[in-house]
Amino acid sequence: MTEAPSIRAVRLSKWYGRVTALQDVSLHLEQGIWGLLGPNGSGKTTFLRCAAGELKPSLGEIRVAGEKPFSNVRALRRIGLCPEADALYDDLTGLEFVSAMAELSGYARAEATERAAKALDAFGLDKARERKIGGYSRGMRQRTKLAQSVVHDPDILLLDEPLTGTDPTSRHVILEQIRQRAEDGALVLFSTHVLHEVETVTDQVLLIARGQVVAQGRVHEIRDLLEEHPHHIRVACDRPRDMAAAMMKVEGVVGVSFPASDSVELATRDPDSTYSTLAKEAVAGQFQVRSITSPDASLEALFHYLVERSSRMAGTGADVAVGSVMGAQYEPKLEPGGGAKKRKGRAK
Amino acid sequence: MTVRDLGYRPYEGERLPASHNSSVLLSHGLGRAWGSWLVKIAAFTGWIPPIIAMTIAGGYYYLTQQAGPGVEAEPLPAADVVNQLLWVQLWGFVTLITVGAGSAVIAEDLQFRAFQFYFAKPVTPTQYLLGRIGAVGIWVLGMTLIPALLLVPVLAGTAPEDLRLERLGLFLPAIFQSLIIAVVTATASVGISSLSKSRALTMSAWIVLFIVPHGLTSIIEAIGDWPWLNLVSLPDLLEVVGDALFKVEPESALRWYHAAPVLVALVVGSVVLAHRRISQAEVIT
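Protein chains in written order, with my numbering: chain A, 1 to 348; chain B, 1 to 285.
Incorrect hints may have been included.
[Unchecked claim] No more than 27 Å apart at the CA atoms, straight line, and that leaves these computed lysine-lysine pairs for BS3-like: (1) Lys197(B) x Lys132(A); (2) Lys132(A) x Lys118(A); (3) Lys249(A) x Lys280(A); (4) Lys197(B) x Lys56(A); (5) Lys132(A) x Lys40(B).
[Stated by the list, open to error] Reference listing, derived: stretches of chain B covered by chain A, where coverage requires no fewer than 3 residues with Cβ under 8 Å from a Cβ of chain A: (6) 28-37; (7) 80-94; (8) 152-160.
[What the hints assert, rightly or not] The following residues of chain B were derived to be distant from chain A, with all beta-carbon distances above 10 Å: (9) Leu25; (10) Thr45; (11) Met54; (12) Tyr60; (13) Thr64; (14) Gln66; (15) Val212; (16) Trp226; (17) Leu229; (18) Glu249; (19) Trp256; (20) His258; (21) Val262; (22) Ala265; (23) Leu273.
No lab work stands behind these hints: they were computed from the structure. We treat Cβ as the ideally placed atom computed from N, Cα and C, and that holds for glycine.
Turn these sequences into a full structure, and let the hints steer you where they fit.
Right, dumping it as structure tokens:
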């Protein structure tokens, strides 16, 4: 029986000389789309390359569909990797390159060529497949890399910054393909800095910073668990300072700031009560409210918050265990960044 | 739950073994080598020396036939002719192929960071190297073995009857010498190509390695008789081995048993170097 697509890391660490790229990462991803987020140098690419069997863990282990991927033909044939680097031969045509990659995945030449043509077509390169890659635009090159990653129909797709340098049309094609592959049963893990696009295809995210998993799970779940992170409400109105004075009396509001001359941003630990009071104060004080928004609703805010917190906790020991789940009974579940106290509280 | 239950449809056809990847990389490498204009020049002009050699052999045969029964003509030194042809091919065309295809191949992959693609497939660094060296080696063989194999029958056909069988025996040293040239030059040039991401640098390094020691040893040999410097000159080492295989009087005081260990060390060293560089470049441990 073929094992369902999954990625499981247990205390995975990887270092290059004295530089630690991944530290004690434990996680379990199953079928679906996962966004891998993290700042530059956080270990995203290293993690993807460990999962793709290109790197051997320095410590711990990683299993893809139940198998260690390093030098493992069976596992590698189920993995499709789209690397970040623009690593394409300009003197080859798109079809030549992708069919060569298909051949390396074990297909005979005729089958490989047919598959390459289909993969290129799927990414909208049907008219350009006989052209030299040197003449491709950046978006077309990106789509060529993606085509080679899916040419052997992998059920585990690892995409390193697949949206970099793409125009809206290319982005749409790529995201559509990602969705399609996931619907067909694949596990798609893609790293990106274009946070908005993550939210359009998935709410399952994996946040990584300083080589450690800061959080894993659904965006709203993570958000809900970050109790110590005050919720932000931005109110655009005619008298922001008066509004701030009125709202400071409300229980739960822990701070105010003025991001613009016509708006006030409230930081609260009790969003429900604050929203309710805000509506009442707006009526009572006859404020002309133009809009009420929450910057926290975007993944970007969450991301920056978690990364910031990881930096604050670096070296304190509090971050070491983040994302690490030990034991044979390990179940994939939400593991927000935080101290040992929180983890302890949830452990059964 | 099986993968199939989730809607995934795995490929049911035959999947070739991972060892097949060396031949895929080989054919891919042959095609990429053809992309170099130096290789194209070699492929188109590399036939001129064997054609000239065959014309000389035919002409010599014609002239001896015309001379009449009373004149006894000296037979053409066939072994020397084949040996010289390989020497010319080495300097004229093998250099072009190894510069254009061999000494740039890994540098180009390093520059384009292409290992990320290769090693995410079931390809090992050893298979990768075999494919790359093999592709250059085949091009080199095309420039040495095929001309030699064409020339030997012509030399046999134009020889006096009592020498024909002996001349056909030149096939063997021709094959051996061509193989040695192919293995040594392909491996060494590919090894050099792993030293840097800059194609210009690796190509220059290969040219320097190939030409400069030969030039220096020639000058020093002209001044004083000290043959050991030839041990650092790759073409001279190949010449020494070739002289031994074709049993012709060597120009150098070096013998094949001096040259062979150096050539073996060069081949092994180049493979180890390239393998190490590939592994380090992408941290494929």
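Evaluated hints:
1. The suggested pairing of lysine 197(B) with lysine 132(A) holds, with an alpha-carbon distance near 22 Å, which does not exceed 27 Å.
2. Straight-line distance between C-alpha atoms of lysine 132(A) and lysine 118(A) comes to about 18 Å, which keeps the hinted pair within the 27 Å bound.
3. With a C-alpha separation of about 13 Å, the suggested pair lysine 249(A) and lysine 280(A) falls inside the 27 Å cut-off, and the hint holds.
4. The suggested pairing of lysine 197(B) with lysine 56(A) holds, with an alpha-carbon distance near 24 Å, which does not exceed 27 Å.
5. Between lysine 132(A) and lysine 40(B), the direct Cα distance comes to roughly 19 Å. Compliance with the 27 Å bound is thereby established for this hinted pair.
6. Counting residues of the stretch 28-37 of chain B whose C-beta sits closer than 8 Å to any C-beta of chain A gives 4, which meets the bar of three, so the coverage hint holds.
7. Counting residues of the stretch 80-94 of chain B whose beta carbon lies closer than 8 Å to any beta carbon of chain A gives 0, which falls short of the minimum of three for the stated coverage.
8. Using a Cβ-Cβ cut-off of 8 Å, 0 residues of the stretch 152-160 of chain B lie near chain A, which falls short of the minimum of three, so the contact claim is violated.
9. The claim that leucine 25(B) is not at the interface with chain A is violated, since a C-beta of that chain comes within 10 Å of its own (minimum 8 Å).
10. Separation of threonine 45(B) from chain A is adequate, the least Cβ-Cβ distance of about 22 Å exceeding the 10 Å criterion.
11. Consistency note on methionine 54(B): stated as away from chain A, and its beta-carbon is indeed over 10 Å from all of that chain's, at 35 Å minimum.
12. With a least CB separation of 45 Å from chain A, tyrosine 60(B) remains clear of the 10 Å interface cut-off, as annotated.
13. A cut-off of 10 Å between C-beta atoms confirms that threonine 64(B) is not in contact with chain A; the least separation is 51 Å.
14. Every CB of chain A lies more than 10 Å from the CB of glutamine 66(B), the least distance being 53 Å, so the non-interface label holds.
15. Against chain A, the non-interface label of valine 212(B) holds: every CB pair exceeds 10 Å, the least being about 30 Å.
16. Non-interface status of tryptophan 226(B) relative to chain A is upheld: no Cβ of that chain comes within 10 Å, the nearest being about 45 Å off.
17. Even its closest Cβ contact with chain A, about 40 Å, leaves leucine 229(B) beyond 10 Å, as expected for a residue assigned away from the interface.
18. Distance check on glutamate 249(B): its Cβ is at least 46 Å (rounded) from any Cβ of chain A, clearing the 10 Å threshold; non-interface status holds.
19. Distance to chain A confirms tryptophan 256(B) as a non-interface residue, since its nearest Cβ pair spans about 40 Å, more than 10 Å.
20. Taking the minimum C-beta to C-beta distance to chain A, about 40 Å, the non-interface status of histidine 258(B) holds against the 10 Å cut.
21. Non-interface call for valine 262(B) relative to chain A: holds, since the shortest CB-CB distance, roughly 34 Å, exceeds 10 Å.
22. Taking the minimum C-beta to C-beta distance to chain A, about 29 Å, the non-interface status of alanine 265(B) holds against the 10 Å cut.
23. Every CB of chain A lies more than 10 Å from the CB of leucine 273(B), the least distance being 21 Å, so the non-interface label holds.
Going down the numbered hints, you'll see the structure goes against 7, 8 and 9, while the others check out.
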